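Novice: Given chain A's structure and the hints, the job is docking chain B onto it.
One line per chain: the protein sequences are A and B, in this order.
So our numbering is basically just the index in the first sequence, starting at one, shifted up by 6.
So our numbering is basically just the index in the second sequence, starting at one, shifted up by 2.
What the hints contain is simulated information worked out from the structure, not anything from laboratory work.
Since this is a predicted model, take the numbers as computed values, not measurements.
Glycine residues also receive a C-beta, built at the ideal position from the N, C-alpha and C atoms.
A few chain B residues facing chain A, derived, Cβ under 10 Å: (1) Arg81; (2) Pro83; (3) Phe154.
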Amino acid sequence: MSTQPSQPIGRAEPAIAVGSWHDGVADHFLPFSEVEARRATNAWRRIFDATGLERGSAALVVALVEETHQLIPLEAALDEAGVLILNADASFYEAQRIEAFIRNFDPACIFGLTAATLEGLTERGHDVAQLVAGRSVWVRDCAHALLKGLPGLRLLRWTALGPAVLMGCGRGDGLHIDRFEWTVAIDGGRARLAHRLGAAAPAPVTVTAPGARLLDSLCPCGNGDPLIALF
Amino acid sequence: MNIDVLDPVELLPRPRLEALQDNRLLAILAHCCEHAPLIRQLWAGAGVDVADIRSRADFFARAPFMNKDTIRAFRDANRDPCGGFVRRHQPGLRGVFTTSGTTGDPTPLPRRERSPFETGYARDHWHIGVRPGDHLLMVAFTFRTGSLHHTFRELGIVPIFLSHAPQALPRMAEALERFRPTVLSVLSNPLMIGLERLFETTGADPVALFSPLRGAIFGGEALGPRYKKMAQTWGLELFETGGLGDVCAATECRVHDGLHAHEDMALVECLEPDGDRPVADGEVGEMVITTLCDPYVPLIRYRTDDLVRTTREPCACGRTHARFKLLGRKGDQVIVGGRQVLPLDLRAVVEAITPTRGGLFQIIRSGAEMAVLRLRVGYDASLLEGGEAALARLLAEEISQALDLPVAIELTPDSELLKLGPPHKIPRVTTR
Chain A
7 MSTQPSQPIG RAEPAIAVGS WHDGVADHFL PFSEVEARRA TNAWRRIFDA
57 TGLERGSAAL VVALVEETHQ LIPLEAALDE AGVLILNADA SFYEAQRIEA
107 FIRNFDPACI FGLTAATLEG LTERGHDVAQ LVAGRSVWVR DCAHALLKGL
157 PGLRLLRWTA LGPAVLMGCG RGDGLHIDRF EWTVAIDGGR ARLAHRLGAA
207 APAPVTVTAP GARLLDSLCP CGNGDPLIAL F
Chain B
3 MNIDVLDPVE LLPRPRLEAL QDNRLLAILA HCCEHAPLIR QLWAGAGVDV
53 ADIRSRADFF ARAPFMNKDT IRAFRDANRD PCGGFVRRHQ PGLRGVFTTS
103 GTTGDPTPLP RRERSPFETG YARDHWHIGV RPGDHLLMVA FTFRTGSLHH
153 TFRELGIVPI FLSHAPQALP RMAEALERFR PTVLSVLSNP LMIGLERLFE
203 TTGADPVALF SPLRGAIFGG EALGPRYKKM AQTWGLELFE TGGLGDVCAA
253 TECRVHDGLH AHEDMALVEC LEPDGDRPVA DGEVGEMVIT TLCDPYVPLI
303 RYRTDDLVRT TREPCACGRT HARFKLLGRK GDQVIVGGRQ VLPLDLRAVV
353 EAITPTRGGL FQIIRSGAEM AVLRLRVGYD ASLLEGGEAA LARLLAEEIS
403 QALDLPVAIE LTPDSELLKL GPPHKIPRVT TR
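This is chain A alone, in the form it adopts within the complex (with noise of 0.2 Å):
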């Protein structure tokens, strides 16, 4: 199944920086370009209209430095939302710096906490279920199965499909991606990416994705962008 193939509607655009993406198997280098952080920001607007995004309210977001360039556009969105954006790395050691900002800051949402972030707070004797009670958490996959089934928690998925993120709003059976920048094909365990619009790196991708369908239904939030379930 896929999105509308195309060819991408115009130029290769100059890079502002130089991000990562997995293909399954190994790690490559990806440019991208001011038009594309900003298409992307976008497409995060389009995730907070369904999910509610109060201005002057708090967002922690953690990732590692290699992560930035996926990071940039969320981070635009909360700023331009109006909300107060507090960082700590996705490390095990950061788990003080974690906790002290949801006590100090309370966080309405949280972003990237992994599996080392939850056991470096588990082993500093910090309670990981009323830590996040009350916040919508937007999470990768290991820790997804770890925070799973807690109560009083709104949890969220975001998760990489190569070169794309894919953003989880809580309602619909998949995670968004964004149709104004790319076409999808899924087939037979492997996904082709390719961008619509102008990129810094515009030639097609393929993604090894196992158990990753595009869904042919739309989403209850009313956000246009295609979902794709994930295993």
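Specialist: Structure of chain B alone, referenced to chain A:
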């Protein structure tokens, strides 16, 4: 010497620089004494009215000091997450960074749209040689400063983001070959250990690998003599960086004679470590910082705990702002047999011995004063010949001879010490 600077303010003649500082000082004091609850309380408690401060002489004579404990005490007493720096919902407040926070809750650093750290680092990178259109290999220590960095985008400089971890070194090598960045920012002791191992095990040529670079910034803690020399054999010029308190960073220039303070961004004093009188240029003192650029982080006469030597002599690079050398943290000083010892005093001796060439060690402090210098020293077992007991004896003899102090050594693998800290350094003084 090329004195092409990013910001002409870096070349201001001293009198003009000080006049600029005076203007900024009075403006920031007026703002902070009105809007920063911590500063209002501190100055009221000291009986100082900001209206009475009309010159730097008034400021030096009357302004009260503050330190990390001042901020923590206000935060805890008032349950103020911003530490009394700004109101939680201050217009223009966009985010909060934090200090590394090795003891207690990390100190909050409220952020406007742009942090002074960005501004200072842009100047430092420019000096090293990065220009519009260049790539910059960004191996920052942590994600604690987030992703919204504007300055490099505005300058047309393209950062390549990699995590600060020895596991990332092969990708760093790939990035160097593919993108040929001009500057690598930042290396640290753990990464130097990893690079040395990488070249030994793969046979890769460091000179060829680092050839695109005009330099690399080194930070986290002091650069030891062994790695400084090794980098030279790699054809890699290292530029040490450190903090100007928590206002911004300061980095060496190509003269490598001290870190350049950005004196338009901070007023720098060097005072007696246990007093408040200034020490002369070249003498050891504690760095005391007053922000001139960031009213949301009102560090006013902030005692940094950093022991430094400063100079205001013009630098051969052409930039006119003061320079300083970081000697260590006041809190890391230990008294052994009546003598003051800093971790930096031990570095060269530990690095000079092959199994401990990584320079990883901790001082184990058992009390206010100790009769014996107790050390936990990291070693690489693959380089060990003659057993641990012989290594411990050799270390004890060498360090004892160098410092003229009795020494007791506890050995541990390098990997165990590296686990103790964040990616870029280890705690150098411990009580355990």
